[in-house]
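Chains A and B are the protein sequences, given in the same order.
Each residue of the first sequence is one higher than the one before, starting from 1 at the first, in our numbering.
Each residue of the second sequence is one higher than the one before, starting from 1 at the first, in our numbering.
No lab work stands behind these hints, which were simulated from the structure alone.
Check before you lean on any hint, since a few could be wrong.
[As the list claims (entries may be wrong)] Residues on chain B that point at chain A, a partial pick, calculated with CB under 7 angstroms: (1) Leu31; (2) Ala32; (3) Val75; (4) Leu106; (5) Val108; (6) Thr109; (7) Leu190; (8) Phe196; (9) Leu198; (10) Ala199; (11) Ala207.
[Stated by the list, open to error] Below, simulated DSS-like cross-link-like pairs (lysine-lysine); rule was C-alpha separation at most 25 angstroms, straight line: (12) Lys7/B with Lys215/B; (13) Lys206/B with Lys168/A; (14) Lys212/B with Lys7/B; (15) Lys206/B with Lys7/B; (16) Lys168/A with Lys7/B; (17) Lys212/B with Lys5/B; (18) Lys125/B with Lys5/B; (19) Lys168/A with Lys212/B; (20) Lys7/B with Lys125/B.
[Said to hold, decoys possible] Some chain A residues near chain B, calculated using beta-carbon distances under 10 angstroms: (21) Met23; (22) Gly32; (23) Val65; (24) Leu66; (25) Ile175; (26) Leu180.
In this text, all values refer to a predicted model and were calculated from it rather than measured experimentally.
Note that beta-carbon positions come from the ideal geometry of N, C-alpha and C, so glycine has one too.
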Amino acid sequence: MNDQTLFSIFFSAMVVNNFTLAMFLGLCPFMGVSARVETALRMGLANIFVLVLTSLSAWFLNTFVLEKVPFLRIISFIIVVASLVQIVEMVVKKISPVLFRQLGIFLPLMTTNCAIFGLAIFQTNRGYGFLQGIVFAVGAGLGLTLALVLMASIRESVEFSDVPAIAKGTGLVLIIAGTLSLAFMGFAGLL
Amino acid sequence: MANGKLKQILTDGAWRQNTGLVVLLGLCPLLAVTNTVVNGLALGLATMLTLMVSNLSVSLMRGFLRPEIRIPAFVLIIASVVTVIELLMHAFFYDLYRVLGIFIPLIVTNCAIIGRAEAFASRNKPLPSLIDGFATGLGFCITLVLLGTLRELSGRGTLFSGAEMLLGEWGRAITLTMIPEHPGFLLAMLPPGAFFGLALLIATRKAWESRKTGKQQRAASVMVADEGPAR
Numbered sequence: 001m002n003d004q005t006l007f008s009i010f011f012s013a014m015v016v017n018n019f020t021l022a023m024f025l026g027l028c029p030f031m032g033v034s035a036r037v038e039t040a041l042r043m044g045l046a047n048i049f050v051l052v053l054t055s056l057s058a059w060f061l062n063t064f065v066l067e068k069v070p071f072l073r074i075i076s077f078i079i080v081v082a083s084l085v086q087i088v089e090m091v092v093k094k095i096s097p098v099l100f101r102q103l104g105i106f107l108p109l110m111t112t113n114c115a116i117f118g119l120a121i122f123q124t125n126r127g128y129g130f131l132q133g134i135v136f137a138v139g140a141g142l143g144l145t146l147a148l149v150l151m152a153s154i155r156e157s158v159e160f161s162d163v164p165a166i167a168k169g170t171g172l173v174l175i176i177a178g179t180l181s182l183a184f185m186g187f188a189g190l191l
Numbered sequence: 001m002a003n004g005k006l007k008q009i010l011t012d013g014a015w016r017q018n019t020g021l022v023v024l025l026g027l028c029p030l031l032a033v034t035n036t037v038v039n040g041l042a043l044g045l046a047t048m049l050t051l052m053v054s055n056l057s058v059s060l061m062r063g064f065l066r067p068e069i070r071i072p073a074f075v076l077i078i079a080s081v082v083t084v085i086e087l088l089m090h091a092f093f094y095d096l097y098r099v100l101g102i103f104i105p106l107i108v109t110n111c112a113i114i115g116r117a118e119a120f121a122s123r124n125k126p127l128p129s130l131i132d133g134f135a136t137g138l139g140f141c142i143t144l145v146l147l148g149t150l151r152e153l154s155g156r157g158t159l160f161s162g163a164e165m166l167l168g169e170w171g172r173a174i175t176l177t178m179i180p181e182h183p184g185f186l187l188a189m190l191p192p193g194a195f196f197g198l199a200l201l202i203a204t205r206k207a208w209e210s211r212k213t214g215k216q217q218r219a220a221s222v223m224v225a226d227e228g229p230a231r
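Using the sequences and the hints, build the whole thing.
Written out as structure tokens, the structure is:
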């Protein structure tokens, strides 16, 4: 059992050790669906939802199943994540077909989103309890959303700028990401 | 298997469809572990091994798998392979296992692996699939090492520091100090350096490719002018 306070877990996951900008988790959607602020925000919210559910399931697995069979950790986590993503996909498709189309391939790709899988592994390695896990998941999810929305706002405003041909597209996105990450380095050592 | 096809699989995997630089899959490990060459190389080799074994198994099973359940089956195969690799690293390369930490289990979520299983291995014979896994892994490994070199050289002025973790005690000897009394450039070692470094690599590759196609186009237009329709 880990004895970090809930606030420090939350703040660390959201800002200081931001999943995307400091730990390099969940970069695919960060690059892929960050062209529009609105889509980015919704992707972030979908992520929070899946993260919290993952944290719950990981806690359950860790407490009741994996103690006896620790070598099944990776396999069981990936199954949990894959089924959760499947559920979210069906829910989103039913509730908001527009969002479903906007998120496109990145919705099923959440299965291979390292942020979600990474959260489960982190939670296990650090021995978070039930409540700590949920707080960790919400913090990490908000951090992802923050990074996504920041990225999308910058990308929207530089959309028509004149950049050298070789830096167009991915190069520019990476440079913006680097700058954002540089800004987030300012939080290092705060906790 | 024809030699030409083999060469095509190799160049496609390692350069033309390079996972790190062109297709942009598997970015997370690519950026996270490349603060030194050795870390990059170690994760690159682990990923390459996973790709080869998973491609081979998927290809061997392609006759039995019903299309509806193929994706979960791929994921399970990959997860098992990664579990084995994690246990092996825990047993034989404990220091590396500690340094790479969460990024070893995260090989499972490297989209490049399931991408190759779906796009290549599920439609091809075992041998070409194995070679495709090798080529894709090699391309990924090269990118990791390139970025690692860039960051370690500018960040610390050394190369291959920590090689003893991969090679055993004698690895200490191959650590090279390229720039003596390097003051240390923290930015390159920290996360922002990874983003900037990869941006630089991608831009360089793009500049190279556009120069090459530019040359080809010019050559082609000259040919058209000289001898009528080319090819």
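- Which hint numbers doesn't this structure obey? 16, 23, 24
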